[in-house]
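From first to last, the protein sequence lines are chains A and B.
Just so it is clear: in the first sequence, position 187 is 187 by the working numbering, and no numbers are missing.
Just so it is clear: in the second sequence, position 217 is 217 by the working numbering, and no numbers are missing.
Everything labelled a hint here was simulated from the structure, so no lab data went into it.
Please note that a few of the clues may not be correct.
Which copy is meant is left open, so a pair is good if it fits within one copy or across any two.
[Stated by the list, open to error] Straight-line Cα separation of at most 20 Å, SDA-like style, residue types lysine to any residue; simulated pairs:
#, residue 1, residue 2
1, K313, R228
2, K280, E232
3, K233, P279
4, K313, D346
5, K233, V258
6, K229, G13
7, K280, D223
8, K134, D277
2 protein chains.
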Amino acid sequence: MTEKTQFFTGFEGEQKLQLESGQLLGPITQAYDTWGTLNAQKDNAILVCHALSGDSDAAGWWPTVIGPGKAIDTEKYYIVCPNALGGCKGSTGPSSINPETNQPYGTDFPVITVADMVHAQRALMDELEIPKWKMVTGGSMGGMQALEWVALYPDLVQSCAPVAATGQVSPQSIAFDAIGRTAIVTDPAFNNGHYYGSEGPHKGLATARMIGHVTYLSEQSIDDKFGRKLQEKTEYGYHFDTDFQIESYLKYQGDKFVDRFDANSYLYLTKAISYFDLPKKYGTMDTAFESSKARFLVIAITTDWLYTPEQSKAVVKSLMHLNKDVTYVEIDSHYGHDSFLIENEDLSDSIRLFLENV
Amino acid sequence: MTEKTQFFTGFEGEQKLQLESGQLLGPITQAYDTWGTLNAQKDNAILVCHALSGDSDAAGWWPTVIGPGKAIDTEKYYIVCPNALGGCKGSTGPSSINPETNQPYGTDFPVITVADMVHAQRALMDELEIPKWKMVTGGSMGGMQALEWVALYPDLVQSCAPVAATGQVSPQSIAFDAIGRTAIVTDPAFNNGHYYGSEGPHKGLATARMIGHVTYLSEQSIDDKFGRKLQEKTEYGYHFDTDFQIESYLKYQGDKFVDRFDANSYLYLTKAISYFDLPKKYGTMDTAFESSKARFLVIAITTDWLYTPEQSKAVVKSLMHLNKDVTYVEIDSHYGHDSFLIENEDLSDSIRLFLENV
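If we strip away everything but chain A, and leave its shape as in the complex, we get (with noise of 0.2 Å):
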């Protein structure tokens, strides 16, 4: 979190919010950045959404795009970013404490949804007094939700701009999350999630994250960044620590990510995204975007494998089928999935250029 993070407890009392599952959940919290100002006619507000392990610090994981002078002008708009429903960067989460038992919840916690995250930020947006978002953006996980907001409140978004997203997520990616959790429930430090307290399952958490960081890159990444070298040395080392450099990175990226990141907030949010799918939703992709009066602007990056430009040009495909105001823009990118993060001038442009015409 960063010095100027905020927070917004709402849903208090009988005033619970009803998740997709139908179970309850509150008191809510929302820890939320914001950047800029709202100006008077309240027309400039952008809620930026963040991806699995982001937080609500947008400029300082987007920092190409978000920033003064930028794509998104911290000078001329008034962007707000909260730290997702179901995560650990101070919005209520598995980590939180349960009222009810004042110990965290742990797997106590009800599943969410993308949905649960939206309303969740519908009651911030109320809170700040913003009667529009003049664009939803994010990437990844974060255009899920930009999608989802149009879905579920069309009237109080003016333009949409999902970036390496999808409206379904594919069940190759179901699976790769599915391992992923696996690794986690089946380290005896999991403690069926109620390890609060101790390590945790920090060994399961890192073999999750080094899955999942495999499909932000992509084989072309792999192959320029790391290829086949060894780690400062020549020959193999027949031994079972790590030898190729691809290895260490991964691992590097594991260990890393224990000390940064809850597990349990790793399983729900992987298990919202799992569950992400508009057209099982809405009945069809259409149908979940046809009281739509927002522009969209739809960014895929060609080498993405995770979230990939096919998916991203079904929700453009639907969005032309109702005759909506789209534009689809297609990052050519090394950089697999990640790419979205990494400074890319034809990212920074079309939002750039989008936004300034809605």
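Once you've looked at the hints, dock chain B against the given chain A.
Just chain B now, kept in the frame of chain A:
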């Protein structure tokens, strides 16, 4: 092992096998199955090498290719399939007794390579009084052994048919195998590889197998077979049990695997695969093949993203550059890497026609 599995123990006494690592290993037992009869000219012997999780029962795991009247006709040829060195189906591996301690080797077993497997098979060839292989073939890791046979013993191989293999394992494949090994070694039941007599790292091995299994399937085969279908219901469960059929399938595959495979063998065999790199070992791909007089049939699968058609084509290009006799067949199949184990007329016809003219 089948009823007719035989055993040959070599490298006894002073005659240990010098491994690529420089370590010495012996005695080495190889479990092997045979079909058919070695003819008087001793020119009808075919060596079939198995994949990571295979065994010596080649007619069992490759019934679409091996049998009476089939492509590799058990009525015409003398077919030999050994369990690979390092495996756990009868050949010497980490679960074998270390003669120095009278305990299972565990991780005291030396790290082996595909070339070490081939050197062990060379001794079996002598034992069976086979002067030359009419063909060496196999899928996946089996195809790597076939290629290494040609490189190590160019005078002993009349033809070589690697299927869904590669001459150089890709960094992405190294990454997935390294994550699988991480899941195993971080399972507390691993006990540094000395788990024999107790349950062993079943959870880590199951996770490793789940990761591997996703890489054996194409995205399309997952879509076609499972899609986003739920387990015997139409609504989400909102829990962390298996919701999706693909989750349930992978968990079943993982759980089933631990009953028939040794976690240490998984470590050693995937390490041998990660190390497989003919250009590194021989200087260039061309150098590996230049002394060969064999005919080649290189078979790849269109949707194999583990050992891709591009990787097979790199082998073919080298052979063409050397003006070797090579045929390349790309099997059009939706099933991904595992296609080589599935009934496919193009695959079996290719091997049959190739073999008729060797």
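Handout entry: Indices of hints not satisfied (ascending)
Key = 5, 6, 8
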